[in-house]
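Taken in order, these protein sequences are the chains called U and V. According to the numbering used here, the first sequence is numbered sequentially starting from 1. According to the numbering used here, the second sequence is numbered sequentially starting from 1.
Hints in this document: simulated from the structure, not taken from any laboratory. Check each hint, because a few of them may be wrong.
Covered by chain U, according to a simulated footprint, are these stretches of chain V (three or more residues, beta-carbon under 8 Å) [what the hints assert, rightly or not]:
id, segment
1, 9 to 15
2, 189 to 197
3, 201 to 210
4, 213 to 219
Glycine included, C-beta positions come from ideal geometry on N, C-alpha and C.
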Amino acid sequence: MTAALLAKGLDKRFGSLVVAGGISFELPVGERCALIGPNGAGKTTLINLLTGMLTPDAGEIVLNGEDISRAPPARRVRKGLARTFQINSLFPKLNPLEATTLAVCERRGETGDFLGRLAARRDAVDEAYDILKSLRLDGVCRRETRELAYGQQRLLEIALALATQPKVLLLDEPAAGVPKEDSGELFQVIDGLSRQLTLLFIEHDMDVVFRFASRILVMVGGRLLLEGTPAEIANDARVREVYLGSAGHG
Amino acid sequence: MSDASVPAKPPAEFLADGARWRWAEIAFWLAATLPYFVAQDYLQLAGQVLITGLFAMSLDLILGYAGVVSLGHAAFFGLGAYACGVASKWGWGEPITGLLIGGAFAGIVGYGASFIVSRFKGLALIMITLGLNQLVAEAANSAHGLTGGADGLQGVHTWDLLGYFHFDLYGVTAFWYILAVVFACFLLTRRMVHSPFGLALRGIRENSTRMVAIGAANRAHIRKAFVIAAFMAGVAGALLTETTETVSLETLSFQRSADVLVMLILGGVGQLYGGVVGAAIYMVARDRFSDVNPQYWYFWIGLLLIAVVVFLPNGIVGGLKKLGGYLGRAGR
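Please put together the full structure from these sequences, using the hints given.
This is the structure:
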């Protein structure tokens, strides 16, 4: 079976600093995979390499059997690789309904229409509203984004990515800045997403990681230290040493 | 995480609300006809205000909606003015097609420039647009045989409008003609602002990085907006040519590029009406201030600009909208 996402030997250096060294992994369709590692391990850099925001010095990225290594970022999105940002990257003066409708219209190739009325694109607007509703943002979708609570803005990050109908979704610390008691709720929403969608998420909260991930990748110093099931990762001495601390998980 | 206190209007209806005509807009355009009824001595000034307003509106499309800063927009105004003027000098003085000639010529040059403009941001973009303006101005200056150079283009003659309405000395035909063209361009701009394309432009202005992350072709959007803005600026230039029957190098000057930016900031960037309102305030102020002191009138414009930027960050139209919002809430 073709992997949803495949990375082969991704390398990236800034001068003598290796931020990604020979990273290879494979995500099967529907996988819920966590990417963990200490600060500065290169996790966000890896997402930037996968999405084309950074150009790798070497390596290959394959999405659903298609080599996208040289595709510009926007084209990768159109082919089904979407992301969210660690620090909110939204449209402050658009309301969530407009922002999500915009993402839907972009996916449908309708944003070139400069004489039609936006409101007349009822299918796109309704689709955007349904996405917002599924993320429990329907009640606030008419307010400007900058007026939303932080947790709602984190959910809007996901809504915008979902509006592109991704096959693979890369979530860069989706619960960053969200109080610990709310992050479980946020991950429940994430866990409820379609099983056809492949997820790779960066997360520091190990409780959340072990609860929601079916597979874990561990990065240290720009390299992939190992990958395995939550049980394998929890019992690995190297992981305990570099990341979890001597006490380990649980 | 939901908030049930916000009244729930169906989503499409909610978006349609934002595009509906307001009474204030209808009043604004009715007021634009007033010079004909109450101040016929000022018809020519009113015409100039409307032309400049159209020019500022075209800049607003790229600056206010797509966030593309240009300090060389007069290049397209002047190109439109010269294209229309040269066509007239060569024997084609029909006004409506003259507008299309001016707009199309500016739009074609804008299309070429858009490939460079769409690749840059910030200071680099300001310098590129400024450089483009200087290039076009000097090209027009050196092409003396075609443009008349520093002497200006002479021999422009505009035919009667629709073969019937003569452009009279009092400027009555010119005023109504200008008002009709500016209103038509405004309708087009308004439609565009409320279209999916307009939303994409606002998205680019708000966060171009995020636009890429939702799969948007930012450069293609910016190129399209730039060409439409160049076309509209060209139409504004052609209007000036047709109603004054002369073209000077001043239409391509840096001063004109800077002035239109000042007008737009005064009126309100990204406010749809900011260009026309800014042009009206700027030009009426110039008319009044220069009566008081013809040498130092720009002092007052400077003061006005600082006051607006400090106290009304969204310009005069933005301030009026805010005031309208307060009054509306207070009245409920």
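Do the hints match the structure? See the list:
Figure legend: the segment 9 to 15 of chain V, annotated as covered by chain U; annotation consistent (6 residues with Cβ-Cβ distances under 8 Å, at least 3 required). Chain U is given as covering the segment 189 to 197 of chain V, and this holds because 6 residues of the stretch bring a CB closer than 8 Å to a CB of that chain, at least three being needed. Against chain U, the segment 201 to 210 of chain V contributes 6 residues with a C-beta closer than 8 Å to a partner C-beta. That satisfies the three-residue criterion, and the hint holds. Given as covered by chain U, the segment 213 to 219 of chain V passes the check, having 6 residues with a CB less than 8 Å from a CB of that chain where 3 are the minimum.
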